[in-house]
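So the protein sequences, as listed, match chains X and F.
Just so we're aligned, residue 1 is where the first sequence starts under our numbering, counting upward by one.
Just so we're aligned, residue 1 is where the second sequence starts under our numbering, counting upward by one.
Since the hints were derived computationally from the structure, they do not count as laboratory data.
Check before you lean on any hint, since a few could be wrong.
Said to hold, decoys possible - Subject to a maximum C-alpha distance of 20 Å in a straight line, what follows is the list of computed DMTMM-like cross-link-like pairs (lysine to aspartate or glutamate):
#, chain 1, residue 1, chain 2, residue 2
1, X, Lys324, X, Asp345
2, X, Lys313, F, Asp246
3, F, Lys231, X, Glu369
4, X, Lys249, X, Glu234
5, X, Lys60, X, Glu13
6, X, Lys206, X, Glu234
7, X, Lys34, X, Asp170
8, F, Lys231, X, Asp383
9, X, Lys222, X, Asp170
What the hints assert, rightly or not - Sample of chain X residues with no beta-carbon within 12 Å of chain F, all distances over it, derived:
#, residue
10, Pro72
11, Ser109
12, Ala121
13, Arg189
14, Ile281
15, Asp359
16, Asn360
17, Lys374
18, Asp454
19, Phe480
20, Arg495
Keep in mind the model is a prediction, meaning the values are calculated, not measured.
Glycine included, C-beta positions come from ideal geometry on N, C-alpha and C.
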Amino acid sequence: MYIKDAPVILSAEAITKQFPGVLANDKVNFDLRKGEVHTLLGENGAGKSTLMNVLYGLYKPDSGHIHIDGKPVTFTSPKDAIANGIGMVHQHFMLIPVFTVAENIMLGSETTRNGVLDIRAVSKQVRELSHTYGLDVDPDALVQDLPVGIQQRVEIVKALYRKANILILDEPTAVLTPQEADDLFQIIRRLTEQGVSIVFISHKLKEVLAISDRVTVMRTGKVVGTTTPQEVNEAKLAAMMVGREVILKVDKKPAKPGEPVLSVSDFSVMDSRGVEVVKKISFEVRSGEVLGIAGIQGNGQTELAEALTGLRKVHGGRVILNDKESTGRPPRQLIENGLGHVPEDRQRHGLVLPFAIADNMMLCTYYQEPFAQKGVLQNQAIDANSRKLIEQFDVRTPSPYVSAGKLSGGNQQKVIVARELSRPIRLLVANQPTRGLDVGSIEYIHHEIIDMRDKGIGVLLISAELDEIMALSDRIAVMFRGEIVATLPAAEANREQLGLLMAGATHK
Amino acid sequence: MAEKEKTSSSQPRISGWLRSGLNTMLVPALAVLTAMIVGGIVIALAGGNPFAAYAGLIEGSFGSLNAISETTVWATPYIFAGLAVAFGFKGGLFNIGAEGQLAFGAVMAALVGYGLPLMGVDLPAVVFVPLTVVAGIIAGGIWAAIPGWLKAKFGGHEVINTIMMNYIALNITSYLLNGPMKDNNPLNVVARTPLIAESARISTVFPDYRFHWGFILALLVAVLIWFILWKTTLGFEIRTVGTNPDAARYAGVNVSNIIIITMVISGALAGMAGSIEVTALNYRHELGFAVGYGFDAIAIALLGKNHPAGVVLASLLFGAMRNGATRMQFNTQIPVDIISIIQALILLFVAADAIVRYIYHIRIQQDRLVLTRGWGG
Numbered sequence: 001m002y003i004k005d006a007p008v009i010l011s012a013e014a015i016t017k018q019f020p021g022v023l024a025n026d027k028v029n030f031d032l033r034k035g036e037v038h039t040l041l042g043e044n045g046a047g048k049s050t051l052m053n054v055l056y057g058l059y060k061p062d063s064g065h066i067h068i069d070g071k072p073v074t075f076t077s078p079k080d081a082i083a084n085g086i087g088m089v090h091q092h093f094m095l096i097p098v099f100t101v102a103e104n105i106m107l108g109s110e111t112t113r114n115g116v117l118d119i120r121a122v123s124k125q126v127r128e129l130s131h132t133y134g135l136d137v138d139p140d141a142l143v144q145d146l147p148v149g150i151q152q153r154v155e156i157v158k159a160l161y162r163k164a165n166i167l168i169l170d171e172p173t174a175v176l177t178p179q180e181a182d183d184l185f186q187i188i189r190r191l192t193e194q195g196v197s198i199v200f201i202s203h204k205l206k207e208v209l210a211i212s213d214r215v216t217v218m219r220t221g222k223v224v225g226t227t228t229p230q231e232v233n234e235a236k237l238a239a240m241m242v243g244r245e246v247i248l249k250v251d252k253k254p255a256k257p258g259e260p261v262l263s264v265s266d267f268s269v270m271d272s273r274g275v276e277v278v279k280k281i282s283f284e285v286r287s288g289e290v291l292g293i294a295g296i297q298g299n300g301q302t303e304l305a306e307a308l309t310g311l312r313k314v315h316g317g318r319v320i321l322n323d324k325e326s327t328g329r330p331p332r333q334l335i336e337n338g339l340g341h342v343p344e345d346r347q348r349h350g351l352v353l354p355f356a357i358a359d360n361m362m363l364c365t366y367y368q369e370p371f372a373q374k375g376v377l378q379n380q381a382i383d384a385n386s387r388k389l390i391e392q393f394d395v396r397t398p399s400p401y402v403s404a405g406k407l408s409g410g411n412q413q414k415v416i417v418a419r420e421l422s423r424p425i426r427l428l429v430a431n432q433p434t435r436g437l438d439v440g441s442i443e444y445i446h447h448e449i450i451d452m453r454d455k456g457i458g459v460l461l462i463s464a465e466l467d468e469i470m471a472l473s474d475r476i477a478v479m480f481r482g483e484i485v486a487t488l489p490a491a492e493a494n495r496e497q498l499g500l501l502m503a504g505a506t507h508k
Numbered sequence: 001m002a003e004k005e006k007t008s009s010s011q012p013r014i015s016g017w018l019r020s021g022l023n024t025m026l027v028p029a030l031a032v033l034t035a036m037i038v039g040g041i042v043i044a045l046a047g048g049n050p051f052a053a054y055a056g057l058i059e060g061s062f063g064s065l066n067a068i069s070e071t072t073v074w075a076t077p078y079i080f081a082g083l084a085v086a087f088g089f090k091g092g093l094f095n096i097g098a099e100g101q102l103a104f105g106a107v108m109a110a111l112v113g114y115g116l117p118l119m120g121v122d123l124p125a126v127v128f129v130p131l132t133v134v135a136g137i138i139a140g141g142i143w144a145a146i147p148g149w150l151k152a153k154f155g156g157h158e159v160i161n162t163i164m165m166n167y168i169a170l171n172i173t174s175y176l177l178n179g180p181m182k183d184n185n186p187l188n189v190v191a192r193t194p195l196i197a198e199s200a201r202i203s204t205v206f207p208d209y210r211f212h213w214g215f216i217l218a219l220l221v222a223v224l225i226w227f228i229l230w231k232t233t234l235g236f237e238i239r240t241v242g243t244n245p246d247a248a249r250y251a252g253v254n255v256s257n258i259i260i261i262t263m264v265i266s267g268a269l270a271g272m273a274g275s276i277e278v279t280a281l282n283y284r285h286e287l288g289f290a291v292g293y294g295f296d297a298i299a300i301a302l303l304g305k306n307h308p309a310g311v312v313l314a315s316l317l318f319g320a321m322r323n324g325a326t327r328m329q330f331n332t333q334i335p336v337d338i339i340s341i342i343q344a345l346i347l348l349f350v351a352a353d354a355i356v357r358y359i360y361h362i363r364i365q366q367d368r369l370v371l372t373r374g375w376g377g
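So that you can see chain F by itself, here it is in the shape it has in the complex (with noise of 0.2 Å):
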């Protein structure tokens, strides 16, 4: 008899949810698709070979192994900054500050990473590794923690005020590679920081191509945030605050503890995404590197449904895009610039999905919710 029960009862579940992620893959899968032919239009306009463009751009992103290689690099802090992103909006908060986040993460990683051993400190990687990758962390959770603490206490608007942390993060970034954490090689003449130790570096997979153990981690970690967002306490915590806060607050949620944790874990994906990026790949910071992965992070984790598998394969998209498009200008003259008016249009077709459900007739999911309420089902 309990046998029975059991498998009636997850049964459904499973069916449910391959039903559920099909459906929700579906419009943004479509406004990819839709971007993609009216950016074909666009290339054709310009007078170019949309076909030839696209093929350019697959075989520059899946061409070779070593495309492929590259494209993980390119995805790596795509992942770490756009679960940011996702994760403050499960919360209900708009975190736009992962940009600032990002850069003092980058910030802080290379200081750790080549500052220790002018110290004098003398560090093995198994320790001097996790230590710098933690450092980034620490620093994105911090600088997100301020605003985060103002909307819990004062019901300051996230929005502006990391808005406004991205100002002083990256001016205090500039600050700091022009000024005292400055390449002093005489030859250097560049704002960048000094290479960070051998010992702190995370290693590439393979020799030869540059995929890393970073892009690996955070495959890890979009796993570790869904577990936590679905399977722990503080996650139903998280959601239920970012869904309704009133009926949170009524459940004896502390609500003002939970924006800050969730705005601190947040921040702390994004510092993240910095120090991945410093230990992994360049091995230093350098102004510039990193601009646009936080304000990408906003468009990946709306294409990506804010779920963290939604994020990774958004972020693989957007990673081949970037990656291919100079084969793309190589082989067809057309300009690396269209990907960003196709990413453009994606996030417009994702944010204005209405547009996408009219095109292809999906019958609207709201209609659905009126239908059934009233009959229990």
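One chain only, chain X, in its complex shape (with noise of 0.2 Å):
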């Protein structure tokens, strides 16, 4: 292959980066050849954050070199680096919204003229780079009016427009539909094709073998090897990055359904604007079963889970918990009724990010015994309990009293999960359950909610992850424009029929 023998542009050597009770970076060696897309790929809390932000100039290494095209060179701010053509694009865009992108484009490096800001010339230029690219951006709109996936490009043609030809992409897909993810991965083909070299960081394996020219694989601080994706596959990947066999395959017995938890008839629920984006679905959860929910993002799932777990108002019909009506109650009623949740967006609902993770482990219980009594906080049960949480569900902290925002997103959710099976649930209501975890956190959340359903709980999974869905389901329920417009049991559903009915062919 050609670029077996394309020059070495960036090389780091032996870096050594350490954090207080943390060696981040030991020893790493990394090297990027022209035009090849080499994968840096780790579990959240590898080190491949910290080697990114040594080479873009974030933080200084402790020790050990960098060199662009065989120069050595030192990085005291992201300005240096971008000055030697480094760009780099952050999983939370940096753009101000109200700004056109070519505004967006030229801030913090503005083209004037006679002392005015010259948009057109910068306006030209994207339009250039969008053409050699094939990037697709329009100059002159506004960035709050584009999808998450221009908004992207946007943020790389802001790095060639600074010459980057070392592009640095931070989990680019975890904010992209499968969609907006093929047409990156185009996009990247077309700037190696033209010679900018990409660090591409992920910990998506599928997605990793097929775009990659080579793979590196960091696990606690250091590389554990660099391969090719000729050379390994998944399981062999996940076991580099993890450090052991990884089973990717949910393993499970046939599920023994019982009586229903959950009945949900002529369900209907409005979105903040008013409009009806679930209507009148009606569907069970039993018992010991999973009910898998798939579907695009944006068909209703989000709200369907909200006003199920009483965070968001319901239009009409009826909900039965645990043969309880529930239909429209608040959410202290459908916890005591047995209904656990564990919430899309868990930074903003799962957990108090300032606080301990003693405390975000009895955020719904805190009333109860034994965590209070007559309205005192009783310290010593609420210690024991997340003792005994954190040993049982392997949340990586070195104590209790640590506040939840210090975790990694895959401990974060750990928590959540550990607070929200250790309670006596009847129905478990799981969105996007991993989103953004890696694959040993994801092994583990899978494991734990089949667990869950032996003992005889009722899971309502929605998941936007169609493997997701197919490897934890009993049956599946596709939703499309607020509609179940199937439901089907999982062993005789495959990619091909769900993937027509989420993109919304009728069911035959």
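Put the complex together from the two separate chains, hints included.
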């Protein structure tokens, strides 16, 4: 392959970075050849972000060297990195919504003519760049009007506009729909053909194998090895990442469904603009089964979950939870009726980030015994509960009194799952329970969900990941434009058929 | 085994408290220091001797038993009002209305204190004193409940509404003190109420000093507020709503009720500041007696990092400065107004703590936060 002969344009040698109590990068070596996609793969906390922040000038390494085109360089700030042709697209975009694309792109390196901003020159350049790399970005559009996928391209153009020939993409597909991700891969290929080199950060194994020329795997601050997609498969990459064999397929016994724990009939919900986004749907979840709700994001799943858990007003229909009338009841009553809820947005709803893990682990039952007696919190019980759950659910933290905001995403989700599953619940509503998590955490959470099912709890699983739906569900309901267009046993479902249903084809 | 587990669990918590306590105090302490230095420069520029000025300030605030006693007298309303604002902040509410709530508390306490005997009700001090104080607490609580209710039910912003409530309260107070409640002693020309009954007064702790039991009460209330916030389910709800209202709703907390309760308790504390001033110090309410406490309280809450212990320390500091200023002026002819400048500087440095961190090269906490994310610690 030509890539093997291409010159190395960026190399990092023996990068070491120590943070209080943690060796984030331990003599890490990494190099990037011209025109290649070199993926950096690793679990949350493996040291990927630290390495990239060193390469982008955000952190100063304790030791080690960076060479660009064979010349040693030292970065004291991102400015130096940009001057050396390095561009970074962060996971969270750094764009100003009310500015146009061109204004966002020139921000920080404004082009002026006679002291006046020269928007037209910038627009022209953006158009040219957009054309060269097939980016299809309109310089005059307002950023707030653009879908996420296009906003990401604006970030890419921004880097190219600053003459970047090395692009660092930090988990770029985390925010994209599958279609948008495919488009991004097209763009990445186009960029590399033109000689741009790409550092691709991800923990999604399928896409890593699809897009990379080389893959470097990191674990606990060290490089485990560098390989190519030709030499490995998903299971092997996962094992390198986690350091042990990972069961990617969920092993489960046949379900033994019992009585319905949730029955929903003619259920309607409106979104915040007053548009009906869940339209008279009916379904049942039985004890001991997982009902998966498949669907492309934005087809009413979020509103459905919120209305079922008391966070959103119910517009019509009826909900029976655990044989009790529960239509439009407040969260407290639903919780007491046996509802467990792993919310879609763990940082907004699921956790109080500045609070200690111990407090977050009793967030829904803080007023009950043993956590409180006569309105006074019982620290011993709270402490004991958190230590037990941290142990049982393998939350990686030095202490229960670390604030939840300091945990990695996977560990944050484990705190929520631990809290919800440790209560005496009859129904678990799990909305995107593994979004943004690494392989080890996904495996763990999947295992816990199946475990709960086998203990006779009914599970309503809502997920945009078709693989997740297929791996966990006993029955699959497909949502499209606020309606359930089909419900089928998981054994009879296949990807193609579900994909078609999710896209709106009618079920026959 | 269980024994061992227990010691290993409690040990790091206590040292952790100490460390986090000292960490929290570092920036406010440096802010005060910086403000004093800048204030000293201002004094020097104005032709004064900053060392003599500060010596006078310290002499006036701590130089004698009487000076210390006066400092506590000044600090007392600051503690109550500072707790009021800090309590609101803990619940995510910015109660700018402490000034009005305090005024109403004072008016109500005075009314009960002189009014009941006029109506022929004769109560022993054990009953009368608490009744008078509670009257002020209720008045402040009700006055704050209105903006709390507006926020909970209609989303009306408490900052706007508490400011508006201040105007209403202050004007009503002015009317009452000039009209229906005016002391009609023929010798009186100012807007003030008659003196409250002897049996409605809180006594001083020692004869010949104004140091009164109200200050001790303020300390006890600070402990009570700490207990409510960190040891009770109500406090847990208030802090949860204040930190993440979405998560509070998810957890089943009735967010609207908590907003109202937070405002009521906040207002009650401000009202108590007013009623203690009346029952323990002035024995009446007079227009202009309690002006500015409610606004200084915001600075005190910020300087005290919204923690009851911090509020007490900040109140003592503000009390000492207000009290020592007279001695400073007497000794050095530097006007007492310099104290307002120093207080403003303290507030500036506490609010814009990046300046303090920059001057003293304090590593930004946030930096550490970013670094440790993803590492589970």
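Status of the hints after comparison with the structure:
1. X:Lys324 x X:Asp345: violated (27 Å)
2. X:Lys313 x F:Asp246: holds (15 Å)
3. F:Lys231 x X:Glu369: The given pair, whose Cα atoms are some 14 Å apart, holds under the 20 Å limit.
4. X:Lys249 x X:Glu234: holds (11 Å)
5. X:Lys60 x X:Glu13: The hint holds at about 14 Å.
6. X:Lys206 x X:Glu234: Distance ~7 Å between Lys206 (chain X) and Glu234 (chain X) Cα, so the pair holds.
7. X:Lys34 x X:Asp170: With Cα atoms ~19 Å apart, Lys34 (chain X) and Asp170 (chain X) stay inside 20 Å; holds.
8. F:Lys231 x X:Asp383: Roughly 14 Å between the alpha carbons, so the hint for Lys231 (chain F) and Asp383 (chain X) holds.
9. X:Lys222 x X:Asp170: holds (19 Å)
10. Pro72: Pro72 (chain X) clear of chain F: closest Cβ-Cβ about 25 Å, beyond 12 Å.
11. Ser109: About 25 Å separates Ser109 (chain X) from the closest Cβ of chain F, which puts it past 12 Å; holds.
12. Ala121: Holds, because the least Cβ-Cβ distance between Ala121 (chain X) and chain F comes to about 36 Å, which exceeds 12 Å.
13. Arg189: holds (30 Å)
14. Ile281: Nearest chain F Cβ is 23 Å from Ile281 (chain X), so the label holds.
15. Asp359: violated (7 Å)
16. Asn360: violated (9 Å)
17. Lys374: It is violated; Lys374 (chain X) is separated from chain F by about 9 Å at its closest Cβ, not greater than 12 Å.
18. Asp454: holds (27 Å)
19. Phe480: Check passes; 27 Å lies beyond 12 Å.
20. Arg495: holds (32 Å)
Violated hints for the displayed structure, listed by number in ascending order: 1, 15, 16 and 17.
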